[in-house]
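Protein chains: 2
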Amino acid sequence: MSVCAKSLKFSEYGEPTDVLQLVEEKLDSPKDKQVLVRILAAPINPADINTIQGKYPVKPKFPAIGGNECVAEVLEVGASVQKLQKGQHVVPFATGMGTWTTHALYNEDQLMPVSNNIGLAEAATITVNPCTAYRMLKDFVKLSPGECVIQNGANSGVGQAVHQLCKSWNLKSVGIVRDRPDINGLKDHLRNLGATEVLTEEELRTTTLFKSGSLPKPRLALNCVGGKSATEVGRQLADKGVHVTYGGMSREPVIAATAALIFKDIAFRGFWMTRWTKENALSEERMQMFAELCDLMLQKKFVAPVHELVPLEKFKEATVAALNFKGFTGKKYILDMRN
Amino acid sequence: MSVCAKSLKFSEYGEPTDVLQLVEEKLDSPKDKQVLVRILAAPINPADINTIQGKYPVKPKFPAIGGNECVAEVLEVGASVQKLQKGQHVVPFATGMGTWTTHALYNEDQLMPVSNNIGLAEAATITVNPCTAYRMLKDFVKLSPGECVIQNGANSGVGQAVHQLCKSWNLKSVGIVRDRPDINGLKDHLRNLGATEVLTEEELRTTTLFKSGSLPKPRLALNCVGGKSATEVGRQLADKGVHVTYGGMSREPVIAATAALIFKDIAFRGFWMTRWTKENALSEERMQMFAELCDLMLQKKFVAPVHELVPLEKFKEATVAALNFKGFTGKKYILDMRN
Chain A
1 MSVCAKSLKF
11 SEYGEPTDVL
21 QLVEEKLDSP
31 KDKQVLVRIL
41 AAPINPADIN
51 TIQGKYPVKP
61 KFPAIGGNEC
71 VAEVLEVGAS
81 VQKLQKGQHV
91 VPFATGMGTW
101 TTHALYNEDQ
111 LMPVSNNIGL
121 AEAATITVNP
131 CTAYRMLKDF
141 VKLSPGECVI
151 QNGANSGVGQ
161 AVHQLCKSWN
171 LKSVGIVRDR
181 PDINGLKDHL
191 RNLGATEVLT
201 EEELRTTTLF
211 KSGSLPKPRL
221 ALNCVGGKSA
231 TEVGRQLADK
241 GVHVTYGGMS
251 REPVIAATAA
261 LIFKDIAFRG
271 FWMTRWTKEN
281 ALSEERMQMF
291 AELCDLMLQK
301 KFVAPVHELV
311 PLEKFKEATV
321 AALNFKGFTG
331 KKYILDMRN
Chain V
1 MSVCAKSLKF
11 SEYGEPTDVL
21 QLVEEKLDSP
31 KDKQVLVRIL
41 AAPINPADIN
51 TIQGKYPVKP
61 KFPAIGGNEC
71 VAEVLEVGAS
81 VQKLQKGQHV
91 VPFATGMGTW
101 TTHALYNEDQ
111 LMPVSNNIGL
121 AEAATITVNP
131 CTAYRMLKDF
141 VKLSPGECVI
151 QNGANSGVGQ
161 AVHQLCKSWN
171 LKSVGIVRDR
181 PDINGLKDHL
191 RNLGATEVLT
201 EEELRTTTLF
211 KSGSLPKPRL
221 ALNCVGGKSA
231 TEVGRQLADK
241 GVHVTYGGMS
251 REPVIAATAA
261 LIFKDIAFRG
271 FWMTRWTKEN
281 ALSEERMQMF
291 AELCDLMLQK
301 KFVAPVHELV
311 PLEKFKEATV
321 AALNFKGFTG
331 KKYILDMRN
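For the protein sequence lines, the chains are A and V, in the order given. Start counting the first sequence at 1; every next residue gets the next number (the numbering used here). Start counting the second sequence at 1; every next residue gets the next number (the numbering used here).
Looking at chain A on its own, in the form it has when it is part of the complex (with noise of 0.2 Å):
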């Protein structure tokens, strides 16, 4: 078999409007332990914006293919392939492997078989939220049900995926989020996701849920903003509470408080899952964390980001979208490359 891919590839850094090209290229049968996939859907992160843009630590090959995430079919398999076979699903299991193209080659121990029952975008997008949302959950506090965690960019990709895991593990989540029109919708999707509260940045500076008792002081605060945002999250913890930050949207820093550092014992941390990747590749606790998100998936008890399939033909409208500092907060666009 051979396949015509049509791939989103760039040779220089820049606006992905500007240096993205949608590029024809023939693909071979997959040789050796080589699989040649069939890609059903990517999403556009913002990550893989700020790679095309040369803003990312990680620094590809050109011509390089943008997108690190994606969910596949099998096409055909290498004669040494043993666990991968036609018409499976499958993720990326590494990262940096550009995934916005309509075929791949890809070598067997890059892709890790998820089932097929699992929805479309779920599968598209499981590798870098809710993983994001998972390890930080999990690696920085040993949280005991009842507890509470509070976290800015409530509405973010990782945003939704902490709510709906704070569900999932019995933990109490309190939602920031920035003031808008439709707030009271915002409000409401994110409750139904699991979030126990939402405020706006403004109700968070006079709130009296946790002096109250109303919910216990959180011990994690997560902040993907930045500035003035990161310091009210980081208000509200509780001594020796933990401050995770795994974005920067204000593209303001965080400033620790020398009393919050010195006399609350306050911890100020950051987490970046293209690290914790690479040095726990082949772990058990990687494993482990899959097996209980695709788990979830099928249960239904974990849904994708809010989001939109866009056609491949259509990246430039999806990353001029993405690109928009909403973009960064709402909606998740995903290219569609089924047809």
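No wet-lab data here; the hints were simulated from the structure. Being a predicted model, the structure only gives us computed values, none of them experimental. Check the hints yourself; a few may be wrong.
The list treats identical chains as interchangeable, and a pair is accepted whether it falls inside one copy or across any two copies.
[Unchecked claim] Straight-line distance between alpha carbons at most 25 Å, and here's what the computed DSS-like set of lysine-lysine pairs gives: (1) K217 <-> K59; (2) K83 <-> K61; (3) K86 <-> K187; (4) K240 <-> K138; (5) K86 <-> K301; (6) K240 <-> K55; (7) K217 <-> K83; (8) K264 <-> K228.
Starting from the structure of chain A, add chain V where the hints point.
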């Protein structure tokens, strides 16, 4: 036996010169587990001043005697006292004991014996600065001989202790200080204590010490300044380095850059000796620490910070001098109660 104790007491918060009063009081013979001591020397630490000002999280019960450190001589022991005897030198084993006094009645378990051969200034200042330096060097990063530590406020009491401990433990240490008229004298002093290099804040900004490989990139940065200085020492850290704040002389917070948190995995932490002591009061680690520090002091491998002995009656001048900004990074004032 009964003695007349002269104590520096305060019954309200305010500037030490306004609220401290020299009070005379008769102390009777010690009962049961009590120990009557004659205080030989007691330093004036920044935290002591902040406590009197009401700016410190530790709130004493009024009327309170100032001071938290001292070296004292046992004058008389109560009937049930087992481990201490007349003539022995002791230091506080707890905090908030009120040491700015000529005599005091303490409980046996509030005191720790130290060798009478340890220098007066060394023994009087053992429980705060050397312990802070010791714990910060031990508890955040497992450092191996040859590794490097960077710190600002290198001429503070803790800073001088850090350089000496690093030398004893075969760690390299780079100290950062503010530029000043006698900068070369200060650099010599700190190098003599054990600093591998001493740089001014300005020199740090353009140094190639670490980039060139002359010194290994530090995995531990100690900060008692905050603001730009905290940022600059943090910038030198290797990936996964830890930035520990134990003071904030500039009154500016620590700025944690989003990229440092996420991509370099730098952790911003704080350390407070008072908390550590409460949490580890009777721990093996604490005994080990004091044994090691006393041993270094006996061997003259660890000396007290630059200091001046001041008679108790001159306490007003001494607290003013200690309050002075330079006091926080320069000379330590020690009340001398021997006559």
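Verification of the supplied hints:
1. K217 <-> K59: This pair counts as between: shortest inter-copy Cα distance 23 Å, intra-copy 40 Å.
2. K83 <-> K61: So K83 and K61 fail the 25 Å test inside a copy (29 Å) and across (71 Å) alike.
3. K86 <-> K187: Neither: 43 Å inside a chain and 70 Å across chains, both beyond 25 Å.
4. K240 <-> K138: both (16 Å within a copy, 19 Å between copies)
5. K86 <-> K301: Intra 28 Å, inter 71 Å, cutoff 25 Å: neither.
6. K240 <-> K55: Cα proximity of K240 and K55: across copies only (21 Å, versus 33 Å in one copy).
7. K217 <-> K83: neither (46 Å within a copy, 43 Å between copies)
8. K264 <-> K228: both (19 Å within a copy, 22 Å between copies)
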